[in-house]
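Number of protein chains: 4
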Amino acid sequence: MRRIGMLTSGGDCQALNATMRGVAKSLYNMFDDVEIIGFEDGYKGLMYADYKIMQPSDFSGILTEGGTILGTSRQPFKLMHTPDENGLDKVESMKHTYRKLKLNCLVVLGGNGSQKTANLLSEEGLNVVSLPKTIDNDLWGTDMTFGFQSAVNIATNAIDCIHTTAASHRRVFIVEVMGHKVGWLTLHAGLAGGADIILLPEIPYDINVVCDAITKRSKAGKRFSILAVAEGAISKEEASMSKKELKAKKRTEMVYPSVAYEIGARITEITGSEVRVTVPGHMQRGGEPCAYDRVLSTRLGATAAKMIADGEFGYMAAVKNNDIVKVPLSEVAGRLKTVDPNCSMIKEAKMVGICFGDE
Amino acid sequence: MRRIGMLTSGGDCQALNATMRGVAKSLYNMFDDVEIIGFEDGYKGLMYADYKIMQPSDFSGILTEGGTILGTSRQPFKLMHTPDENGLDKVESMKHTYRKLKLNCLVVLGGNGSQKTANLLSEEGLNVVSLPKTIDNDLWGTDMTFGFQSAVNIATNAIDCIHTTAASHRRVFIVEVMGHKVGWLTLHAGLAGGADIILLPEIPYDINVVCDAITKRSKAGKRFSILAVAEGAISKEEASMSKKELKAKKRTEMVYPSVAYEIGARITEITGSEVRVTVPGHMQRGGEPCAYDRVLSTRLGATAAKMIADGEFGYMAAVKNNDIVKVPLSEVAGRLKTVDPNCSMIKEAKMVGICFGDE
Amino acid sequence: MRRIGMLTSGGDCQALNATMRGVAKSLYNMFDDVEIIGFEDGYKGLMYADYKIMQPSDFSGILTEGGTILGTSRQPFKLMHTPDENGLDKVESMKHTYRKLKLNCLVVLGGNGSQKTANLLSEEGLNVVSLPKTIDNDLWGTDMTFGFQSAVNIATNAIDCIHTTAASHRRVFIVEVMGHKVGWLTLHAGLAGGADIILLPEIPYDINVVCDAITKRSKAGKRFSILAVAEGAISKEEASMSKKELKAKKRTEMVYPSVAYEIGARITEITGSEVRVTVPGHMQRGGEPCAYDRVLSTRLGATAAKMIADGEFGYMAAVKNNDIVKVPLSEVAGRLKTVDPNCSMIKEAKMVGICFGDE
Amino acid sequence: MRRIGMLTSGGDCQALNATMRGVAKSLYNMFDDVEIIGFEDGYKGLMYADYKIMQPSDFSGILTEGGTILGTSRQPFKLMHTPDENGLDKVESMKHTYRKLKLNCLVVLGGNGSQKTANLLSEEGLNVVSLPKTIDNDLWGTDMTFGFQSAVNIATNAIDCIHTTAASHRRVFIVEVMGHKVGWLTLHAGLAGGADIILLPEIPYDINVVCDAITKRSKAGKRFSILAVAEGAISKEEASMSKKELKAKKRTEMVYPSVAYEIGARITEITGSEVRVTVPGHMQRGGEPCAYDRVLSTRLGATAAKMIADGEFGYMAAVKNNDIVKVPLSEVAGRLKTVDPNCSMIKEAKMVGICFGDE
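Line by line, the protein sequences give chains C, R, S and L.
The first sequence begins at 370 in the numbering used here and counts up by one.
The second sequence begins at 370 in the numbering used here and counts up by one.
The third sequence begins at 370 in the numbering used here and counts up by one.
The fourth sequence begins at 370 in the numbering used here and counts up by one.
A couple of the hints might just be wrong.
Copies of the same chain look alike in the list, so a pair counts if it works inside one copy or between any two.
Claimed, not checked - Lysine to any residue pairs mimicking SDA-like chemistry, simulated, CA-CA at most 25 Å apart: (1) Lys616 x Gly641; (2) Lys689 x Pro710; (3) Lys591 x Glu404; (4) Lys618 x Ala634; (5) Lys485 x Asn473; (6) Lys619 x Ala634; (7) Lys588 x Glu409.
To be clear, the hints were calculated from the coordinates, so they are not data collected in a lab.
Here chain C stands alone, though its shape is the one from the complex (with noise of 0.2 Å):
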C-alpha cells in the first residue's frame, strides 16, 4: 500500500481544498491501495503527528470551498534544526513522523517559507512534491500560483465598488492591497480595477509625486482619484534608510494601523483633499476560488500525483508558459519573484496613464 502525507501551511488562501481534490482524485483513480494522511495546521501536524486518516467523500465538494479542510499555520522556517518547546529538534520530529507512518511521500502546499521547509525535508532525505500556494504570486520558479487570481478578483471589486461611489463625490480613495514585500496583486487589481494611482512594495514612491497627480486631476475635471496601495508600500526616503533607521521612524512618529491611513493623512496634509480608507484585510484570502484558480489548482494537482506515480521527488509542481511543469525545491527556496520596475507590464500601465509615484 502507498501512503502519502498531506499538509497545507502558511497563510491561508482560496484553492487549497481545490487543489488537494486535484492530487487526491488522481491517486485514487491511479491507485487501487493509497492511503491519504492528512496534517493538521501545517508542518505543526508533522511534527507532532496530529493527522487524520482521509477517505475519498472527504474530498468530494471541496472544489469550490475556500479555506483548507487541513488547517494551517505559519511555522518558523529559520532555525528548523532548534528545538521545539519539549526540547526535540523539530525537522527531526518531522522525519520521525513520517517514518513511522511509512509514508511513501509527503506533498505540500505552501508559499515560500513552506517551499523553504519542504526543500529542507527533501535534502534531508524525505520525498517531497509541492505545491505554489500564495496569494501574493512571489514564488520563484512558477509563472503563477493558485489563490492569485482569486485575490485579483476581491481586490478588484473592492475598488470597483469605490469606483462608483467615488464618482459622485469630490474625493480621494485608498484601497489597501495585501502585500507586504510584493506588489503583483495591487499591480493587477489596480490595473483591472482602474486605479489612478498605484504604489508597490518594488517602487518607492515620493509624496509629492503622488498629490501632483491628484491635484492634476483634480484640475482636469476629474471628480476623484484612486490609490491602490500595497501594505508594503515605501516612500522613497523610507527606501533609503537602514532597518534600524526605518524602525526607530515608525517607533517615534504617529503609528498607523496600516499604511494606507499613513499616507491618506499625507494626502489631506499636502493638498487638502478629503480622504477615505478602505482595508480589505483578510477579505482577500477568503470566499471560493474563482474559476481560473481550479482550472489551475486541478492541473498542478494532477501534475503533482503523476510525479507521485513516477517517483519524481524533491520538485515542485508549476506553471511555466500555460504547460504544467516541475521545479526543483533547491532552486525555489528562499528565492522571491517580484515586481521588475521596468518590465512590460509596469510600462504598459505608464502607457493608460497611470502613476506609480515614482516619476
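Since the structure of chain C is already known, use the hints to place chains R, S and L on it.
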C-alpha cells in the same frame, strides 16, 4: 408643458439611478410634454441653478448603475435660512431657482438631512415629492430605504470572505460596518454573515462581555470568532459620558482611525488573541444595486410620478407593509428609525446565540 | 429529553440549510437535552424511517450552503392514505415512525404540496411546525418565502448578462424564468432586470400585442427587446381552452422543450426578428442563499424553535408586515398566492412601460 | 494630426470596451494631436462610412462595461470582393472610406472571421492593427483572447449553481456551453465547475460511454451527474458522416433546439434517468469583464497603441508565454486553435476522473 426638477442629495448609495429612471420613465409615459431638469450635486445645484435639461435617453441603461448621474453633495441642513458665501439666503436662492425655472415640482432623493430640507422647502410653498435614499435604513416613515439591501450584500460578502479564511486560522476578526448612529446595516449583515458578536450604536457593549464570548468560543474548540461592529458602536462607559467628556476622552487617548481598531486593541489586551481588522468602508455605498433594490426603486419611482400626476405634494414615497404609500414630509423630517434593543429581530438573533455585548 | 424530527421536502432551494441551522442553534441554546433527528429525502425518510441523529456540528458552517444536508424528494401529496409499494398506508407509516422515535415535534421545510401533507399530519395528531420554502413565493399566509430572493437574484443576473450583450446586436432575447403556475419570480426578475416584456401565468398574453411591442421598440431605434417569460406563460387562446383541448393541442403541434422556444418561434414568424433563448433552469434553485434569505431564514428558524418551546403546534412560521408570525397550517394548506393582474406592482410596472402582452 | 479608425466586429464579448479604452488612453497620452474615429456596427460602418469622432471622455468609465460602445455586426468575410446591395465592391468601399477619412491606421477588435478581413485589408495596403477578441479562445497565434475568462466565469457559475441543487436530488443535469467548433470554453468551465462528463466538438462521444459513466456514478452512490456539453458536441456516428448525410439526419429526425436537449433525450432513453437542461446561452457573452480580462485588455490595448506609434502594421497584438507580442495577421487569418484531444490538459482532466465520452 410640465417641468419637473430632480436632485440627489447626501451620501450616495446604490439604486439612486434606478429610482430616477423609475420616476422619469413613468413621467415620460404619462405625459407628452414633460421636461425633467436635473440639478447637479444636490441642493447646491438648486441654490446656484446648476442644472441640465434631461433627455429620455439619459435615463436609459442606468437601472444597474451605481452612483448618481446627477452627482451629489452633503449639505448643511442646519440653519438653512443663513447666507451662503455670496451673502444670499440659501433657502431663498433655492426658491428663486425653482420659480425662475417655472418648475411644477421638485423630486428629492435623499436621506435624513435631505428630507428635512425637502420638508422645509415644502413648508415654504414649493411642490416637493421625495424618495427614501440611504444605506442605513434609518428613515422614519418607511419600512425600507433603497440602497440598504445592496449595502447589506456587500457587508455580508465581507463577513463571508472572512469566514472562509478565519476557519483556517485561530484568530479574532473584526469587520467594521457603516453606521454611525444606527445599526440596521450591521445587524442584517451580521445575521446574514453568521457573525458571532454584533456591536451596534443602540446597544452599548461591555468589553468584558465581548471578551468572555470570545473566550467561551475558543474553549469550545471553535477556531475563530467574528465580530460585526458598527462604526458607531459604543461602550457602556462611553454611553454614560456627557458629550464633553466623550470628546475629551477621544482627544487624550490614543487615536485609532476607527472604532474597529480600538476594540481590536482592547480584545488583544484582555484575551491575548491576535485580531485582524477589515474595513470595507465606502465599498458599502458602491457597486450595482441588487435586484431587491431595483424592484423597490422602480416601484417607488413610479409611485412618485403618480403623486406628481395627482398633484399630491409634500410627501415621501415609502414602503409600508409591502405596499408603496405616501407619508407626509412633516412626519419624516428630523426623526430617526433606530434599532430597538428589545425588538423581535434582536431577540431572534440572541436565540441563535449571537452576543450583542450587553449581557 | 426532547426529540425533534426535521425534514426538507419538495423542490430544493437556497437557504434550506440556513433555516435548519436557525431552528437547530435556537433549540440547542434553549435546551440542554434536545436531540434532532434528520429524515432523509423528505417525507420518504419519515415513511421508511431513514434518518440520522444530528449533532450540533452538523449545523455549523451551513448558513451559506445551497441545497439541503438532509436531501429532499418530491412526494405525491394526493391520496396520502393510499398504500405505498409495500402495501402500507403512507400516512400510517409516517405516524408510526414519529411514534416509534418518540418525537415531540416534526419540523417540515416545504412548499405547497409539503405544507398540505404537514397539515394532514397535524390533523392526524402529530405535533407539526412548518417553514415556508420555495423559490416561487406562492405560499398562502406569508408575505415572503425563503429561497425567493436568491432565485430572483439569479434570474435577474441572467437578464443583466443578456442586456449587456443585447445592446451590441439587433435581436430579441427571451429569458425563461421558473414558475409553472405563479409569476412572482418572473415579475420581480423582469422588473429588476429591466425586461421590456414580461409574460406571466396569471396574465394570458396575445402574441400580436407582444410582437407590436417589439416592433414599436425597434421603430423607436432600440437595438433589442428582452422578454422575461415564466415557464407557465400562457396565451389568451390557450387560456380559453379546456384542459383536454390544451393537451390535444400540445400533442399535435411541434413540441418545444419549453415555452420560451415556442414563443420565440412565433415572434420570428410574425416579426422576422432573430430570437435567442436563455434557459437558466435549475440554476435558479442553486448557489448560495443571498443575505436577505439568510436573515429571513435565521429569523424564521428561531421563531419555529420558540413555537416548539411554547408547545404551539399546527402552525407555519411566516412573514406578515415585516414581523415573523405563526399561521395555522389549515389556512395555508392547498391555497396558492398568485399574482393579481390588478395589483399595484403590476400597475407600477406598466407605468414604467413594461408590456405584459395583455393590452 | 493622426487619425485612427476603430471598430469592433463579430459576436460581442466582455472587455471590448476595456480594450478600446486601453488603446485610446495610450494614444491620447502619447500624442497631442490624435483623433479616434469609431465605426459603427463593425465593418459595416467602415463600408458605409457610418462613424463618430470619439472624445477622450467616451473612453472614460468603460473599463468595466460589457458590450461595445461602437456596436458590432457579424459580417460575411467570404467573397469580400463581391458587390454589396448597392452594387459596390465591399472591400473597395472600405478602402474608400479609409482613404477619404485620411486614416493613419485601422484598429480592429475581432475574432476569426474579422481577423481574416483585417488581413485582407492589410494585404490591400491599409495600415491595420488588430486585437484578439472572442469568448472561444480559438484564435491562432495567441495563448489567450480577451472575453474568454469572463465567459468561463459565467459558464462555471452555471455549473456551480446546478451543483448545489443537483446534490439535493437524484438526476442528470446538462449545462450547454457556447462553442460550435471549439471546446476551450466547455473544457475550462467543465473543469472549474467540477463536471463529471465533458463533451467537446474535438472529441466525438459515444452515447453508451456517456451513459456508462452516469450509471457507474449512480451505482457508486452519487446522487447526480453533471455534463458540460459544448454546443458543437458531436457523436462518433455523426463525426463519421459526410456533411450531406449529417444535414439529412438533422432534417428527418426530431429537431431539438440545441444539442443538450438531444443528448438529454438519449440519456433518458438509455438510462431511464430524469434529465434537466440549462442553457445559459448569450449570458456567456454578457456581464462585466472579469479582472483577468481587464488586465489583459489594458495590456493588449497599450501594446496596440505602441505598434501604431512605431508604425508596425499588419499585426495582431497577442499573448505568448505571458508576454504581449505581435503576430503577423497573415499567420492568424483563417486558422483555428482547437483543443488537441491528446493535450496535457485533457490528460490531467482524465486523471481526476472526468469522462470525455470517448473511452
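Going down the list of hints, with the structure as the test:
no.	hint	in the structure
1	Lys616 x Gly641	between (29 Å within a copy, 24 Å between copies)
2	Lys689 x Pro710	both (22 Å within a copy, 21 Å between copies)
3	Lys591 x Glu404	between (61 Å within a copy, 21 Å between copies)
4	Lys618 x Ala634	both (16 Å within a copy, 22 Å between copies)
5	Lys485 x Asn473	within (20 Å within a copy, 54 Å between copies)
6	Lys619 x Ala634	both (15 Å within a copy, 18 Å between copies)
7	Lys588 x Glu409	between (56 Å within a copy, 19 Å between copies)
Going down the numbered hints, you'll see the structure goes against none, and every one checks out.
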